[in-house]
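2 protein chains.
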Amino acid sequence: MKERVYSIPALKRMPAYLKELKRARADKVPRIASAQLAKRLNIDSITVRKDLEMIGAAGAPGIGYRVDALTEHIEAFLGWNNSSEAFLIGVGELGRALLGYSGFSAYGLKIIAAFNCDEAISSYEEYIHGIPVFPITSLEHLIKRLKIKLAILCVDDAYAQNAAETAVNAGIMAIWNFTQQSLLLPERVIQQQANFGGDFAVLSVKLAERIREDEQYGF
Amino acid sequence: MKERVYSIPALKRMPAYLKELKRARADKVPRIASAQLAKRLNIDSITVRKDLEMIGAAGAPGIGYRVDALTEHIEAFLGWNNSSEAFLIGVGELGRALLGYSGFSAYGLKIIAAFNCDEAISSYEEYIHGIPVFPITSLEHLIKRLKIKLAILCVDDAYAQNAAETAVNAGIMAIWNFTQQSLLLPERVIQQQANFGGDFAVLSVKLAERIREDEQYGF
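Protein sequence lines correspond, in order, to chains W and B.
Numbering of the first sequence is given in this note's numbering, commencing with residue 157 and proceeding in unit increments.
Numbering of the second sequence is given in this note's numbering, commencing with residue 157 and proceeding in unit increments.
Simulated from the structure, these hints should not be mistaken for laboratory data.
Just so it is clear, the structure is predicted and the values come from calculations on it, not from any experiment.
Nothing false has been slipped in among the hints.
Under 7 Å between C-beta atoms, here's a sample of chain B residues computed to sit facing chain W: (1) Leu167; (2) Pro171; (3) Leu234; (4) Gly235; (5) Leu250; (6) Arg252; (7) Gly259; (8) Tyr263; (9) Gln336; (10) Leu359; (11) Val361; (12) Ala364; (13) Arg366.
List time: in silico SDA-like cross-link candidates among lysine to any residue, alpha-carbon distance up to 20 Å: (14) B:Lys195 - B:Arg179; (15) B:Lys305 - W:Arg368; (16) B:Lys195 - W:Gln337; (17) B:Lys305 - W:Ala364; (18) B:Lys178 - W:Leu340; (19) B:Lys300 - B:Val289; (20) W:Lys178 - B:Asp313.
We put the beta carbon where it would ideally sit given N, CA and C, even for glycine.
Looking at chain W on its own, in the form it has when it is part of the complex:
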């Protein structure tokens, strides 16, 4: 089967479209034009139209997109209409913060269990933010048992490769890697590095430019 090729930047914009559509929905706006979406998100409207064309969403010229239909279309495209179940591995500070992160529900992402690598923790905590915590020794068994495909990795860097291998051997197909460690895994495993750096690069460049401008104008 030929793999469909999607533009990664376009994929990354989808959650922003969804957010704006949900806002429009809450405001009881029935239709939205690409130009409106573009303005809200500070991108140009040709990009918006191309992105939505890429996923097969059609707007009527001059009338725009139906907010309900487009929301459903994007969610279905991303698979966010069905909740994706995931395991979270590593309940240090970052893991704990992610377990409590309210934003994930908007992506249809549901963390159904967490695993810790530190017996000292498991001995006194059974739930974090209402999500059950198991010792890492149960990871393999529970991945197989519950047929979980997605793991969120936030263990200590030194333990990342090891934990990822265990998860993959048990059937995990995709890893969202919040550690600093690059993982060596079979090519079929989908890896996504949590990308704080990319956002910060954009911020840094804009800020440096703004400071230069202000100096130039003597602010």
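Once you've looked at the hints, dock chain B against the given chain W.
Relative to the frame of chain W, chain B by itself:
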């Protein structure tokens, strides 16, 4: 002054180039070709060449880029050669995790103080991961005093707008927003939303595709 226009996706790839260059440096590799960078990062080499051209880095045809020079060039472009000092506002679970996040140092980002909005916390904790924690009431004064330009916002959503306004009024020029709240701020303020959703969108689509393929081939 005309603002220079940089491609946002290209900017977001810069940290990945840096990471690979640092790896090459550690391996004592003196030169690296765009094709090598491309392969490591799973993108095409034309993109690599265009990205590096955009920031004015020149490679010699057939010989590639000097690893040291290119590292310095990218760091200087991003302003990551000087450390950017930032304040972090909100020391809940996410804020605490970010204070301990080891990845920031690679971006030249230095959080020099944290602020909490919860007096109950400040009363018993003066440092988190070695970073001093102040009550939110000191925020304005310390931004002015230390001329801090960048704030990392991870307060509760309900408090986000309020905290951002306080910071901006005191002189903050850029906000890295880790809350779920969209902020209404003067246009001159640079905002970057922490974008977990974008990464997850890419992961979701790839995973859904892989699962479809496997079903088709009867795995």
